[in-house]
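There are 2 protein chains.
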Amino acid sequence: MIMNRLSFDELSSVFNSILLKHGFLEQDAKLCADIFTENTFCGVASHGVNRFHVIIKMVELGLIKPDAKPTLSNAFNGLEVWDGNYGAGVLNAWQMTDRAMELASNFGIGCVALRNTNHWMRAGAYGWKAAENGFVFICWTNSMPNLPPWGSKEARTGNNPIVFAVPNSPNHVVIDTALSQYSYGKLSTHKRAKKPLPFVGGYDSNGELTTDAAEIYSTFRALPIGLWKGAGLSLLLDLIAAALSGGQTTKDISKTEYETGLSQIFIAIDMKRNLGSTDMNKMIDDTIEYYKSGEVVNENEPVLYPGERVFKVREENMRNGVEVEKEIWERILRL
Amino acid sequence: MIMNRLSFDELSSVFNSILLKHGFLEQDAKLCADIFTENTFCGVASHGVNRFHVIIKMVELGLIKPDAKPTLSNAFNGLEVWDGNYGAGVLNAWQMTDRAMELASNFGIGCVALRNTNHWMRAGAYGWKAAENGFVFICWTNSMPNLPPWGSKEARTGNNPIVFAVPNSPNHVVIDTALSQYSYGKLSTHKRAKKPLPFVGGYDSNGELTTDAAEIYSTFRALPIGLWKGAGLSLLLDLIAAALSGGQTTKDISKTEYETGLSQIFIAIDMKRNLGSTDMNKMIDDTIEYYKSGEVVNENEPVLYPGERVFKVREENMRNGVEVEKEIWERILRL
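Here the protein sequences come in this chain order: A and B. Okay, so the first sequence: first residue is 1 according to our numbering, each after it adds one. Okay, so the second sequence: first residue is 1 according to our numbering, each after it adds one.
Hints were generated in silico from the structure; no laboratory data involved.
Identical chains share a label here; the pair holds if one copy fits it or two copies do between them.
In the EDC-like style, the derived pairs of lysine to aspartate or glutamate whose C-alpha atoms are separated by at most 16 Å in a straight line are: (1) 153 to 295; (2) 292 to 154; (3) 153 to 301; (4) 255 to 286; (5) 186 to 212; (6) 69 to 98; (7) 194 to 212.
Work the whole structure out from these sequences, hints included.
Structural data, given as structure tokens:
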């Protein structure tokens, strides 16, 4: 694969001008471009540069409204329901993260339920943002059906990524995990590179577990994390997101060709008040030190904590520029 | 294994009189006995009748204070920190569930962080209770180190069970899942019955994945759900519980021989206001119908939703009485 190496500004300004051409307002285009760039720099090209063309296509199809703004539907103290009005998923999610933090500042804990939104790309982006602002954060989204319930051969639930984030210095602890062993973004990267997955990630056409990402794409039978556990968790996240927001479930989303009209939850807890009188940095550093202190399976593979790799990859990419596949970059330049 | 079959009242009244003998106040003994009985009737003997003697032992050792009551440490609107004062875990968790629901009634969403508590037994009990009262509920606990981080051979994090619950009629949707593929309760049941696990659940002494529960007990290398994902999730739940409550992390808990001084989180969201104007029962029933509608892998194994088995098992046990292993029952009668 031939790669281009781009700086943050180069990548972001190309995204920005394409978004402006497609009807995004000036401020929104800049923010949206920065989020796609940040996702790429954090090592998640599948939810950054590699997926940017899909967003533009969805704008062209009228499925993403470039100038829509979320509107408040209903509220009671720390709990609010917003309608995303089919705006860009990253912009809606960004604003709802801000709103959940405001609610948490006012009520200790705040929750925003969002309906009628679009794919938010890298779920972790919202966790990092909230942690950066001193909030514990939990958020999740539902998705189109892309995960079989346990005991089923057919995708009848979503991989519904969920995020838990805790603020720390210098870098936060953030987990961003789809409920499948591998996200479809990851499967797509392995499929294109024709590289086997490190562990089985789903079923092949003979119903056997496989490390072949292309096979999993064709059967659409990804493996849920924890087998029946991840599949069950997925159902619960879908039900809670739809129940609170009044929005669509994965079942409803299955009725349209494109994945649109998602339901999402954003929960923030204000750590600045520190009601537990916790020495946060010390507690987290001690816990991570302990987490890493056991004998390792393979001495070349140290134990990592969630967010550690992202932090390192981002630093490296900020220093050297980020690699973008030539083919993908050329497609973007034609948008 | 020889079994006794007992009614709810028979089991509960034996628990009750033992608890009274060991210093529990009248009302607390009754509630505690009922929770242990309910857990057993729900099919989770490992966190009911099979573990009851451990609680009594911990009372005798002074690790559980039978007459302690949780006290409020700090509060800001919908967020409160409580100290469990080393009371019985089930009683503390029961009361904190009530408190989280009260906060949610007042603020839309409520969160209680609890420190210095003891094992709450069946995590799902609190989810079912909250759902029964019309609340969406999320709760989790940390634990002693019993799960290796991904890439480590040694238990340096907890299996930290987490619960998500949604109210529905006639029966709620509740997932109660440890972050290991099998809880130690489940491993213990298979170990005693000398039955292999249905799927690999951890590593044997050669570092190979195994279905032998006894081997996993000896290596203490349970498999996290989703491999690195469950291990990372475990760290986050531990950090959030300790950060909010000011209580112990899994690392701190590792310093004492017995698992005591746990930190827990209880989050309730009030569905009675129904801010999303959702037709809850219809939405949930439709979603579950869809979830089950795909072709099954094995026609004798229908797709189940989380909570379905518990509901059925409980009904059956209420009708016929619950089976208790003779040896375990005799030990209880000697307490």
